[in-house]
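Novice: Please build the complete structure, drawing on both the sequences and the hints.
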Amino acid sequence: MNNPSPGPETAADQWSAFQRVWTETLAKMMQAGFTTPDAAPPEFVRQLRTGIFQALAQSWDQFLRSPQFLEGMKQWMDSAVAFREMSNEFLTRARQASHLPGQDDIENVLNAVGKAEARLLERIETLAVQVKAMEQRLADRDAGAAAPAAKPKDARRRVRRAPS
Amino acid sequence: MKSSNGNGNDGMGAWAKWPEALIDESFAHARRWARLPFLYQRAQRIRKGATPSRVVYEEDRVKLLHYPAPDGPRFATPLVFVFALVNRPYILDLKADRSVVGHFVRRGFDTYLVDWGIPTDTDRRLTLNDHINGYLARAIDFVRQRAGSPKVSILGYCMGGTMSAIFTALHPERVKNLILLAAGIDFATREGLLNLWTRPEYFDVDRFVDAFGNCPAGFLQASFLLLKPVQNLIEKPIAFFERLDDDDAMDDFLTMETWLNDNIPVPGEVYREFVKSLYQQNLLIQNRLTLGDRTVDLRQITCPVLNIMARNDDLVPCAQSLTFNDAVGSPDRKAIVLPAGHIGLAVGGRAQREVWPQACDWLAERS
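First to last, the protein sequences are chains C and W. The letter at position 36 of the first sequence is residue 26 when you use my numbering, and the numbering goes up by one with no holes. The letter at position 5 of the second sequence is residue 413 when you use my numbering, and the numbering goes up by one with no holes.
Hints in this document: simulated from the structure, not taken from any laboratory. Predicted model, so just to flag it, every value in this text is computed and none were measured. This list has only true hints and no planted wrong ones.
Below are the DSS-like pairs computed for lysine-lysine, each with C-alpha atoms no more than 30 Å apart in a straight line:
| no. | chain 1 | residue 1 | chain 2 | residue 2 |
| --- | --- | --- | --- | --- |
| 1 | C | K105 | W | K471 |
| 2 | W | K456 | W | K636 |
| 3 | C | K64 | W | K684 |
| 4 | C | K64 | W | K636 |
| 5 | W | K644 | C | K64 |
Specialist: And the structure:
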C-alpha cells in the first residue's frame, strides 16, 4: 500500500493483481460452500460474508489505485469541468440577454467591494498609526510640561524644610 | 472436506440447524421491516451537539461557541477547538457519551469551539490566510481577552489540525499547548488515495475551482465515499438493516449518518491552496508554505505538542502526521497512535475510554 501509483507500463501487473484477488475471492466462496460449517448457521453466513467483503474491498482498493481508474477519473473530471464551464457561459449569456445580473456582474461587484474594503482598511490603519503617534507626542509633551513644574515644588519643599 | 468440528458437533448437525435459523432470521427481518416506517421520524429527532454551549463571538459566517465548565474553569489556560472546513464541527460533540468536547468540559477546561459556518458563493475568494491570520487569529484574541489569559491551548482536528499547526507556527506567542488530531502535515506519502487522486497529472485544481467556485459538498462527499466503496456502499447498509431492531445502535447510526451527510462546500481559494500547496507541492513540512507575506516555519512551534493519530485512517494516513513531531522545535512532544479510523479517533468507544482521558491529563499538567 505504500507504493506510489504504478505507471502505465505496469497495467498488465495491475490487471493480473486484480484478477488474482478475484480468484481468491471466488476460491473463498467455493471453500465456504464445500466446507461443513463449524459455527451456527447465521454466524457462519456472517463469517462467509465478511471474508467475501474483505476480498472485495482489497480488490477495489487496488483498482482505485490503478492507472486505468486514475485515467478514467481524469477524463470524467475534465468532462464535468467542461460541462460546468459551458453551463456557466450559457447562463451568463442568458442573463445578460434578459438584462439580469450574471455571475460575472456579481464577481465584479464583489471585487469592487473587496477593493473598497481593502482601501478603507489601509486608510484606517494609516489613521490609527497617525493617531497613535499624536497621542504619543501629546503624552511626551504633557510629561515634559509636568517635569519642569515638579522641580520648583521640590525646591520649595527643600527650601521650606531647611529653616525648620 | 471436514466432517466434524472442535465443539464435537458433526457436520450434519450444523447443517440441520439451517431450517431453524432460516425461520428465526425471517422473523427478525419482519421485525426490522416493521420498524422502517418510523425511521424518518427518529432521524428528525437527532440532536446536533450534546454539551450546552452559547455563541460568544461572531464574524461573518464564523461563530465561536463557549462551553462553560459546570463548576467553573479549573485551569488558567482556555482551550480552543479548531475543526476542518469540510464538515460541521459537531462530530466533536456528537452525543453525551461520545463527546470529545464533553471530556474537557467535565474536566474543568474553559472550552471554546470555532464553527466556520457554511460558506456561500461570496466566500469563494477567501484564502487560507483569511481564515488563519484573519478569522482564527481574531477569535483566539477574543478568547485570550475574555479569559484574561495571554495564551490559549488549541486542539485541531483533521484540516483544522493543519490550520492549527500553521497558526501556532505563525503566532507562537499566543499558543500554550497544541493538540493535533489526525492532522495532515507531510503530504509526501502515497499511502492515502486522496494523495494519489490529487496528483497534478490527474487533477487540475485551478480549472476545477475556476469553473465551480467553491468546492461542492457533493463532490467531497463522493470522494470520501469512494475511499472505501465496499464498506460505505455495501457493508454499511447491510449492517444498518441488521441493527434496525436495536434502538441504541440505531441512535448511534443515525447520529453518525446525520453528520456524515452534513457536508458543506469548501471556499474555492482555500481548496485550491490546500490541494496545490499541500497535497501537490507538500510545502508545509518543508517550511516553504507562504501565508500572506509570511513563511510558515514549523520550527517556530516550541510549545508542548500532543499528536494523536489513527492507524487505520483512510483520509489522513498516519504517515501524513507522524513526521510533525520531528519537524517542530518543541522539546515537549508526544505521539499517540490508536488502532482506529479517522472518525473513530474522535467518537469511537476505545478513543473515548483511552485516548481522551489521557489527553485531558496531558493538557491538565500543562494548563
